[in-house]
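Colleague: Residue-level listing of the chains:
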Amino acid sequence: GIQVEQSPPDLILQEGANSTLRCNFSDSVNNLQWFHQNPWGQLINLFYIPSGTKQNGRLSATTVATERYSLLYISSSQTTDSGVYFCLPHNTDKLIFGTGTRLQVFP
Amino acid sequence: EPEVTQTPSHQVTQMGQEVILRCVPISNHLYFYWYRQILGQKVEFLVSFYNNEISEKSEIFDDQFSVERPDGSNFTLKIRSTKLEDSAMYFCASSEIWGGGNTIYFGEGSWLTVV
Numbered sequence: 001g002i003q004v005e006q007s008p009p010d011l012i013l014q015e016g017a018n019s020t021l022r023c024n025f026s027d028s029v030n031n032l033q034w035f036h037q038n039p040w041g042q043l044i045n046l047f048y049i050p051s052g053t054k055q056n057g058r059l060s061a062t063t064v065a066t067e068r069y070s071l072l073y074i075s076s077s078q079t080t081d082s083g084v085y086f087c088l089p090h091n092t093d094k095l096i097f098g099t100g101t102r103l104q105v106f107p
Numbered sequence: 108e109p110e111v112t113q114t115p116s117h118q119v120t121q122m123g124q125e126v127i128l129r130c131v132p133i134s135n136h137l138y139f140y141w142y143r144q145i146l147g148q149k150v151e152f153l154v155s156f157y158n159n160e161i162s163e164k165s166e167i168f169d170d171q172f173s174v175e176r177p178d179g180s181n182f183t184l185k186i187r188s189t190k191l192e193d194s195a196m197y198f199c200a201s202s203e204i205w206g207g208g209n210t211i212y213f214g215e216g217s218w219l220t221v222v
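Order-wise, the sequence lines are chains A and B.
Number 11 in this note's numbering belongs to position 11 of the first sequence; there are no gaps in the numbering.
Take the position in the second sequence, starting the count at 1, then add 107; the result is the number in this note's numbering.
Don't read these hints as lab results, they were simulated from the structure.
Hints may be right or wrong, so weigh each one.
Said to hold, decoys possible - List time: in silico DSS-like cross-link candidates among lysine-lysine, alpha-carbon distance up to 27 angstroms:
hint, chain 1, residue 1, chain 2, residue 2
1, B, 164, B, 149
2, B, 149, A, 94
3, A, 54, B, 185
4, B, 190, B, 164
5, A, 94, B, 185
6, B, 190, A, 94
7, B, 185, B, 149
8, B, 149, B, 190
9, A, 54, A, 94
10, A, 94, B, 164
11, B, 185, B, 164
Unchecked claim - Covered, in the sense of this in silico footprint (three residues per stretch, anywhere, with C-beta under 8 angstroms from a C-beta of chain B), are these stretches of chain A:
hint, region
12, 14 to 21
13, 84 to 92
14, 96 to 106
Every residue, glycine too, gets a C-beta built ideally from N, C-alpha and C.
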């Protein structure tokens, strides 16, 4: 089955800093989602991005399916950005989450 | 935005008891999923379900687990004879069409504690 690795596993930032999170996957995919898991455990859908680049406020995402990776950019980070970020590549009905990046943003 | 709803939000059960976790997927969705997340760990795939049968399942989804769509709106996960290691957050999800072609929406989770 597909292997999904995310990097870095942990990231500590000061408020205002920018960051790039990476998701690598081992097989070809038809689509990909990025999620933010907040401190209450909820999975918040950030992007549905099969290819190209999308932006939503301070967040943007890029997927290069042919090279089997996706990037999530967070600019001007805020304390409310803290939590775990997961990617979820779509290629079969057995959808495997990435290993996650735990982000902590301090004031 | 459409919502997947899960009940209960939190359940405490004794080891060996049976538990049923309930989910109401988005109304026009056809694909349903259950995932598990042990505290502090990654989100793990359990099972996908389409057209009243299991489409895919992971090695975690053994004979202890079963899924059912008892009526036109609910999708349930049953855990027979719970063990301490079943303590986790369980997420239900649904999508309109096959997961590879559409956004998958997740519920807020059911936190199961086995004591």
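Colleague: It remains to establish, for every hint, whether it holds in the given structure.
Modeller: A quick look at each hint next to the structure:
no., hint, result
1, B:164 x B:149, "holds, 17 angstroms"
2, B:149 x A:94, "holds, 15 angstroms"
3, A:54 x B:185, "violated, 39 angstroms"
4, B:190 x B:164, "holds, 20 angstroms"
5, A:94 x B:185, "holds, 19 angstroms"
6, B:190 x A:94, "holds, 25 angstroms"
7, B:185 x B:149, "holds, 21 angstroms"
8, B:149 x B:190, "holds, 20 angstroms"
9, A:54 x A:94, "holds, 25 angstroms"
10, A:94 x B:164, "holds, 7 angstroms"
11, B:185 x B:164, "holds, 14 angstroms"
12, 14 to 21, "violated (count 0)"
13, 84 to 92, "holds (count 5)"
14, 96 to 106, "holds (count 5)"
Consistency note: the structure conflicts with the earlier hints numbered 3 and 12.
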